[in-house]
Amino acid sequence: MDIDRIRNFCIIAHIDHGKSTLADRMLELTGTVSARDMMEQVMDQMDLERERGITIKGKAVKMNYHGEDGDYQLNLIDTPGHVDFGYEVSRALAACEGAILVVDATQGIQAQTLANVYLAMEHDMTIIPVLNKIDLAVAQPQRVSQEVQMAFGFKEDEILFVSAKDGTGVSQLLKAIVERVPPPKGVSNPLRALVFDSAYDPYKGVVAYVRLFDGSIGKGSQLLMMSTGSNGDILEVGNFLPKLTPVERLYAGEVGYVATGLKNVRECRVGDTITLTEQPASEALPGYEPLKSMVFAGLYPADGDDYLSLRTALEKLQLNDAALGYEPETSAALGFGFRCGFLGLLHMEIVQERLEREYGLNLLITAPSVAYQVLMDDGTEVVVDSPAKLPPTQRITEMREPLLALSIVAPARFIGTVMELVTARRGEFRRMEYLQGAVSQEEQGNASSDARVLMEYRAPLSEVLMDFYDQLKSRTQGYASMDYSFQGYQSAPLVKLDLLVNNQPVDALSLILHRDKAQQQGKALVEKLRTLIPRQLFEVPLQAAVGSRIIARETIRALRKNVLAKCYGGDITRKRKLLEKQAEGKKRMKRVGNVEIPQEAFLALLKLER
Amino acid sequence: MDSENNKEGSALPAQIALYIHIPFCQTKCPYCDFNTYAGIEPLIPSYTKALTTEILHWGALLGRPRVSTIFFGGGTPSYVPGQSIAAFLDAARRAFQVTSDAEVTMEANPGDLFGEGVASLPGLGINRLSIGVQSLDDSLLKVLGRRHSSQEAVEAYGAVRRAGFANVSLDLMYGLPNQSMEQWRDSLERVLSLLPEHLSLYCLTLEEGTPMQQQVRLGETSEPDPDLAADMYLMAEDLLGQAGYGHYEISNWAKPGRESLHNLTYWHNQPYLGVGPGAHSYLGKWRFNNINSPREYIGRFGNFSKAEATVDALSSEVISQVPTVGDVETIEQPMEMAETMMLGLRLSEGMSLDGFASRFGRSLSSVYGEQIRELTSLKLLEQRDGVLYLTEHGHLLGNEVFLRFF
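Protein chains in written order, with the numbering used here: chain S, 1 to 610; chain Z, 611 to 1016.
The shape of chain S in the complex, shown without the other chains:
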C-alpha cells in the first residue's frame, strides 16, 4: 500500500479511562474483528490483564479503513495503560505519528494524562483529544472539554466526544485519524525498524513488534540488532490482524512483526533498531535505553524444595520479560532464593502473581528495596540493592538514593492532605498549578474546593515504594492520581536498620532508611513483629538496632499453655486433627536460630504504617 495511505497511531490515557474499550470499537467498526468474534477487549490477552483491567504489554493491530477517498491502513499500537516508569510508553509513541488522547468525561485530566501528553508532545506527535464515556449520566463533557483546552491548548472544535461503550462518535474518530495524523515518511534503504515490543514464542523464537521507518524486510535475510549486535535469521514477517498473519514483506511506514530467530528477548530489546546484516544502517533510530531495574526484592520459595522450580520459572519468564533480572541469593532466614530486579512495584507484583499462578509456586517476597549508590573510603563506588549487602558503616563515605519527580493531580481541597503525606515521605515541593488555568483569582477562591490542582514534588523512590499510592488514594477519597519519573540520585544520611530475633540478626528483615526515621520505624517494626511471631517455648527478645546501638526493644513472652483439656467421649480423631493442624502450621514457619517465625512476619515491613 502507498505509504501516504498509512496512518500509525496509539491511544494514550490515564488508567481506566477506556482505552481498551475504544480500541475494541475501532476493530469492530473497521471489520478487523467481527462483532461475533469480539471478545471484550481483544487486545488485552493475558488473564492477568483482563482481571486487573490493565494492559501490561503493548500490542498492535492493523485495520483496513474504507475512507471516502479509498482505503487506508490504520495501525494501532496499544500502549501499556499503567507502567512503573514511562519508558515502554515512550517507545510505543516513537513508533507512531499520531496519538489519540482519551480523557474520561466523568473524571477529567489525571496525572498520567498529563505525563502521557507531555511525552507525546516531546515526540512531536499529532494529538487528537477525545472525551470518552459521554453516555454516562455523571459525565461533564463541557467542563472536561474546557479543562483539556486550558491545560493543553487544544481548540474547542478539535475535541471529539465519544462513548467507546456504545460506539457513539467512533466513526468520526476514525475519520479524524485519517485526516489529521500525517502519513509516515520513509526512504527505501537501508532497513531501520524500531522494536516497540517483543515476545517469546516457543516455535518462532523472539518475535519483535516493529515499526519500519526505512527500507523493507522479508523472510530469509539475516538481521542485526544495532545495540546488542545480535544476529538472527528472519523466519517470518507479518501483520497483526490482530492475530499474527504472515506477509511477504513489510515496507517503510508499516507496523508488523518479525520472527527473529533469536532465543531470548534480552537480545531484542524494546527501543532497539533492527537492520540487515548485509546492508546495515549507519545510525540506529534514536532513543534506545537499556531497561533499568529500579526495585529489588528477594523471592524465596515458601517450601525450600521448590528452589529449582522457581529457578526454571524465572528463566522462562525472563524469555518474555527483558526487564526482569535475577541472581541467586542466600538468606540465613529464608534459605536459597533469588534477588530480583523489577522496573517498579507493579512489575514486581505482576511477576510474583505470574510465578504463583502460571507456575503454581508459593512464594515469600521480602520487602522491596531500591538500589543505592555507595561511595567507599577507597574512592570506589558500589551499587547496593539489598540491605544485607551494605558494606560496614565505617567504610562508607557517602550514600545516594534514587529520586523521583512526582506529579499528583487532586481536587484543591486535598492540597493540605497531599502536602502532609508527601512531606512525611521526605518529599520536596516543587510547584503547583490549577488545571483550570484561566479562572480569575476571585473565581478561584469561590471554586477552589472543586478546582483541580497539579502538584509536583521530588521524593526518594524508597519512600514512595511501599504504600504511598494506597495512602494517597485513601486520604483523598480516591480523587488523587499520580505519575512519576526517575530523576537521578541524591545524597542522603541513610542507615541500615537491623532486626534481632532472640539476639540474632534476621537478614530478611533489615532495611535501609533515613537516619531520622530509624527510631520510629524500628519501634513500629518490633511492635508489629511481636504480634506476628507466636509465643515460643522460651522468652524471645526482639530488638531493632542501628549498628551496635539498640533503638527499640520488645519481648515475646514464653508460651505457657498449649494443651487440650478434654477428651470428649473418645473423640480422638478430633484431637489428633487439631494437633496435625498445629504441626502443619509449624512446618510452614521458618526457623531462625531456634525461633519459629511465620511467613507473614517477613512481610511486616510491607505492612508498617509509616
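Quick caveat, the hints were computed from the structure, so don't treat them as lab data.
Possibly wrong hints are sitting among the right ones.
Here are some, though not all, of the chain Z residues that point toward chain S, as calculated from beta-carbon distances under 8 Å [as the list claims (entries may be wrong)]:
{"#": "1", "residue": "836"}
{"#": "2", "residue": "837"}
{"#": "3", "residue": "840"}
{"#": "4", "residue": "882"}
{"#": "5", "residue": "892"}
{"#": "6", "residue": "897"}
{"#": "7", "residue": "939"}
{"#": "8", "residue": "988"}
{"#": "9", "residue": "992"}
{"#": "10", "residue": "999"}
{"#": "11", "residue": "1006"}
{"#": "12", "residue": "1009"}
{"#": "13", "residue": "1012"}
{"#": "14", "residue": "1013"}
{"#": "15", "residue": "1016"}
Pairwise CB distance ranges, derived in the manner of DEER restraints [claimed, not checked]:
{"#": "16", "chain 1": "Z", "residue 1": "651", "chain 2": "S", "residue 2": "600", "range": "46 to 54 Å"}
{"#": "17", "chain 1": "S", "residue 1": "349", "chain 2": "Z", "residue 2": "818", "range": "31 to 39 Å"}
{"#": "18", "chain 1": "S", "residue 1": "304", "chain 2": "Z", "residue 2": "946", "range": "26 to 34 Å"}
{"#": "19", "chain 1": "Z", "residue 1": "1001", "chain 2": "S", "residue 2": "398", "range": "55 to 63 Å"}
{"#": "20", "chain 1": "Z", "residue 1": "643", "chain 2": "S", "residue 2": "167", "range": "57 to 65 Å"}
{"#": "21", "chain 1": "Z", "residue 1": "703", "chain 2": "S", "residue 2": "557", "range": "35 to 43 Å"}
{"#": "22", "chain 1": "S", "residue 1": "29", "chain 2": "Z", "residue 2": "818", "range": "55 to 63 Å"}
{"#": "23", "chain 1": "Z", "residue 1": "942", "chain 2": "S", "residue 2": "358", "range": "31 to 39 Å"}
{"#": "24", "chain 1": "Z", "residue 1": "818", "chain 2": "S", "residue 2": "312", "range": "36 to 44 Å"}
{"#": "25", "chain 1": "Z", "residue 1": "637", "chain 2": "S", "residue 2": "336", "range": "54 to 62 Å"}
{"#": "26", "chain 1": "Z", "residue 1": "1001", "chain 2": "S", "residue 2": "520", "range": "40 to 48 Å"}
{"#": "27", "chain 1": "S", "residue 1": "477", "chain 2": "Z", "residue 2": "905", "range": "51 to 59 Å"}
On a predicted model such as this, the values are computed, not experimentally measured, just so you know.
All C-beta atoms in this analysis are idealised placements derived from N, C-alpha and C, irrespective of residue type, glycine included.
Using the hints provided, position chain Z relative to the given structure of chain S.
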C-alpha cells in the same frame, strides 16, 4: 482409604469399654459444642428404643465381649428418666459380659440430683457419678449459662452421698471470662472440703461457632487470659496435691485407687464402643463415629432388629454396615503409634518403653528418637527407669510435645 486394608480383618476384641451417649439437655450451655440438644425431649422414648437396639446389635455382632466400664455421657444423662437408664443397662448386660465389679459412671447435672431419681440410681447399677459443678461462684455459673447455683451444687453433693454413692467425681472449669485467682482458689477450696474421690479440672476452650466464642469475638465477653489460666492450673496442682489427690492425668486428679477406669481406656489407647448419635468408637484398627442427628439416628434404628450372628472378624465393611455409622477411618500402625504417644503421655504413669515395644514390636527410640531428644532438651519430656514422662513444665505444653509425633 486403602481398599486392601478394608478387606483385611481384625480379630474381635475380647474386652471393650462402653460409652453411652445421651444427647438431651434442658438448656444448651453457651460454651458447649458437644452433640447435644435442648427441646427434643419428645424423642426420649423412641431414642431409648433405638439405643437399646444399637447396644444389642453390637453385642451380637462382636460376640459379647467383656465390658468392665460403662460411661453415660452427654448431654445430660441425669436429665433422662431412670427407666431409660435402666433399659440401657439392661441391654448392655444382655449384649455384653458386664463384669460384676464394672465401673458404671453417669455424668450428672447438680440440678437433677434431688428427689427420687438420684436415690434409685445405685439400684440400677450406677456406682460412680461425675457431677458438672463447674464453679462454686454464682456469677461465673451465670457466665457459663449453668442452670444451678453454687448452693444447689453443694446440696446435690450431699444428696448423692446420702443416696450411697461412694465414688464421686466433680468437674470444675477455669480460665473463664473475668475469673480471678481468688474466685478460683475459693471454688477449689470449697470443693476440696467436700472430699470427692475424683476431680476433673477443665480449662475453658472457646470452640468455633459457640455463642460464647461469638460473644468474645464481638467483644461482649472478655477473652480469658491464657497466662492467668496457666497460673490457675499451677495453683490447682498445688492445692490438690496437698489435699492428697494424685495428678494422674493432665486434667484429672484422684484419691489413690479412684482414677476413672473408663477414661484410662482412652488414654491407654484401648478399644471402646460408643453408642448413641455422634458417639465415637475405636475397635480393631478402625475409628468411627455415629451420625450426629438424634432424629436420623432413631430413624435408622427404627426398623432394625439385632444382628443375627457374630461376625468372624472386624473390618471396615462390617462396621459400615451398621446403619448409624458415619465416618470410618483406618488407623495404620504409624498413626496408632502417634496416637498412643499423644494419649499415653497425658498420664502420670508415663509411656513405658517396654510397653511400647511389646505393643508395636519396635522400640520407642527407633521410631521417635529424634523427637524425644529434642523434647528432652526442651525439658518437656524426661525419661526415668525405662519410662518416658511429661515434665511438670510439659503438662501445660502437652500439645507442643504431642504434635511432634504427627
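Status of each hint after checking the structure:
no.: 1; hint: 836; result: holds (5 Å)
no.: 2; hint: 837; result: holds (5 Å)
no.: 3; hint: 840; result: holds (4 Å)
no.: 4; hint: 882; result: holds (6 Å)
no.: 5; hint: 892; result: holds (7 Å)
no.: 6; hint: 897; result: holds (6 Å)
no.: 7; hint: 939; result: holds (6 Å)
no.: 8; hint: 988; result: holds (6 Å)
no.: 9; hint: 992; result: violated (15 Å)
no.: 10; hint: 999; result: violated (15 Å)
no.: 11; hint: 1006; result: holds (5 Å)
no.: 12; hint: 1009; result: holds (4 Å)
no.: 13; hint: 1012; result: holds (5 Å)
no.: 14; hint: 1013; result: holds (4 Å)
no.: 15; hint: 1016; result: holds (5 Å)
no.: 16; hint: Z:651 / S:600: 46 to 54 Å; result: holds (49 Å)
no.: 17; hint: S:349 / Z:818: 31 to 39 Å; result: holds (34 Å)
no.: 18; hint: S:304 / Z:946: 26 to 34 Å; result: holds (31 Å)
no.: 19; hint: Z:1001 / S:398: 55 to 63 Å; result: holds (56 Å)
no.: 20; hint: Z:643 / S:167: 57 to 65 Å; result: holds (59 Å)
no.: 21; hint: Z:703 / S:557: 35 to 43 Å; result: violated (54 Å)
no.: 22; hint: S:29 / Z:818: 55 to 63 Å; result: holds (57 Å)
no.: 23; hint: Z:942 / S:358: 31 to 39 Å; result: holds (38 Å)
no.: 24; hint: Z:818 / S:312: 36 to 44 Å; result: holds (41 Å)
no.: 25; hint: Z:637 / S:336: 54 to 62 Å; result: holds (58 Å)
no.: 26; hint: Z:1001 / S:520: 40 to 48 Å; result: holds (43 Å)
no.: 27; hint: S:477 / Z:905: 51 to 59 Å; result: holds (54 Å)
The structure is inconsistent with the numbered hints 9, 10 and 21, although it conforms to all the rest.
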